[in-house]
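There are 2 protein chains.
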Amino acid sequence: MGRAVVPLLADAPYEVHVVRHSRAAAVPGAREHRADLLGDPHAAEALVEAVAPSHLLHLAWYTEPGRYWTSGLNLDWLAASARLLRAFAAAGGRRAVLVGTCAEYDLTDGTCVEGVTPLRPTTLYGAAKNALQEVSAAHTGVAGYSAAWARLFFAYGPGEPPERLVPATVRGILAGQSVELSHGRQLRDFVFVEDVAAALVKLLGSEVEGAVNIGTGQAVSLRDVVEAIAERLGQPADLRFGARPADPNEPPLIVADTTRLRDEVGFAPAVSLAEGIDRAAGWWRERVSS
Amino acid sequence: MGRAVVPLLADAPYEVHVVRHSRAAAVPGAREHRADLLGDPHAAEALVEAVAPSHLLHLAWYTEPGRYWTSGLNLDWLAASARLLRAFAAAGGRRAVLVGTCAEYDLTDGTCVEGVTPLRPTTLYGAAKNALQEVSAAHTGVAGYSAAWARLFFAYGPGEPPERLVPATVRGILAGQSVELSHGRQLRDFVFVEDVAAALVKLLGSEVEGAVNIGTGQAVSLRDVVEAIAERLGQPADLRFGARPADPNEPPLIVADTTRLRDEVGFAPAVSLAEGIDRAAGWWRERVSS
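Protein chains in written order, with the numbering used here: chain F, 1 to 290; chain V, 1001 to 1290.
This is chain F alone, in the form it adopts within the complex (with noise of 0.2 Å):
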């Protein structure tokens, strides 16, 4: 999300700076730093002071497939952001985004409405996120700066981590191996990662306040989007819907309402799901090749 944000933020009247745990290629029209916010906040804090950003976007959280839901990191990411916001502040920034999830709210709703919605999270991940978001429009108030909060539906796109859904189904096909499923019924929001990054970037300029959710507000089927990307390789696949049990508890449906992001933000989704999912399987395709 990150690699998609930068470029347009570099294009927008910011100065940006990067900061990130890990060295990688650089990215133009950004400085950039390196910091470890989880192992060492005072050098994070070191960094916000000596940069007195007037805005923060702040992506940063543990997300490995399969183990974010339930991982003790969410307390340390939770803690990290928290002093990360309060340097943010005591710096004189005056406009921060931090990133929420979808999962905060009670999901058996379906549809998801921005101050209407139960905030019921299930899991820890989603209560250590809503745990920041509560505490942060809490801080806004005493601390002098505005803060929105962008509620992620199910991004997805060039970069995202390989076990994930679109990475996995294209890469099975590609080896020929036959793509286990579960029966493919679930309803789900998703939205290219360009659209994340370029809906972000509108709020963090805006004066939008709180909660906002960044979807399509389109609701598809994990089997069309599997499908489609099947479609998009052109080549044989074997799709088996039932191989694998869906989880029982799963929602059957799970879609932003995005009045907030349209009438508020002043933001649409440009990127179809056929073009999403085309360039998205196109990247992946040049990776698995190479």
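These aren't lab readings, by the way, just hints derived from the structure by calculation.
The following residues of chain F were derived to be distant from chain V, with all beta-carbon distances above 10 Å:
1. 28
2. 30
3. 49
4. 51
5. 62
6. 178
7. 184
8. 207
9. 220
10. 228
11. 244
12. 249
13. 268
14. 273
15. 287
Computed Cβ-Cβ distance ranges for the label pairs, DEER-style:
16. 69/F <-> 1240/V: 55 to 65 Å
17. 1020/V <-> 46/F: 23 to 33 Å
18. 1243/V <-> 69/F: 54 to 64 Å
19. 1146/V <-> 111/F: 32 to 42 Å
20. 1050/V <-> 59/F: 29 to 39 Å
21. 1049/V <-> 210/F: 38 to 48 Å
22. 64/F <-> 1118/V: 33 to 43 Å
23. 231/F <-> 1146/V: 44 to 54 Å
24. 275/F <-> 1034/V: 51 to 61 Å
25. 235/F <-> 1050/V: 54 to 64 Å
Just so you know, even glycine gets a beta-carbon here, dropped at the ideal spot from N, CA and C.
Based on the hints, put chain V in the right spot on chain F.
Below, chain V alone, put in the same frame as chain F:
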């Protein structure tokens, strides 16, 4: 509160390790450790790893009168507490009691019932405590320990900060000053510090999980508290009710429903308001006159 808790723990079948930031008089029956949870989380985590406690009673937070409601240190304490909890679980901890506040509740309800009264903190202090409560509840579910969340009402007694209602009133009367107060009709659940300590120790030794109110279940008016102090001191008191404006947003009534504390934890406060005021006023009189 720590001072009141440690002797009770030392009487119970625990090996007591006291961790604090500042040097202080030795506590009989306890091993003492110095660690700066805020400034040096690694040191605190190393200590938890070395001691490998079975039980954790976490009392530390920022509580400076007049400032703690809105201080950014609430974020730091949320961060430090999240990290402490994670270190505790990683070191094999089995049972934790963390301390919350009635300020987590929607206080327009008056009587606060765990699991029924909505959690709707209106202050950064309340939001940070509630955030910790939510994330700790989710953490216990995946990290394999048991935890309770002690929601404190209006604790008073020997050792509390001198700016708070009871000591400030005692000191004002003893100094022969007029004591300026608001109307004094606010009804609050005052609970003596030794009862709080005994409730916490009982809760720590129990298997009760989740939020438990720590109060008496009885509301008394601030006026009654102040007049009881004056009576106890037995000297002329110039009590000026109405001399200070009351906060128009202040809830008229804040009282704990103590059903859970009584029926599930098996604890009932033992110190009446008259006795508690007697002891608190006596304690402060000794210190003011010495």
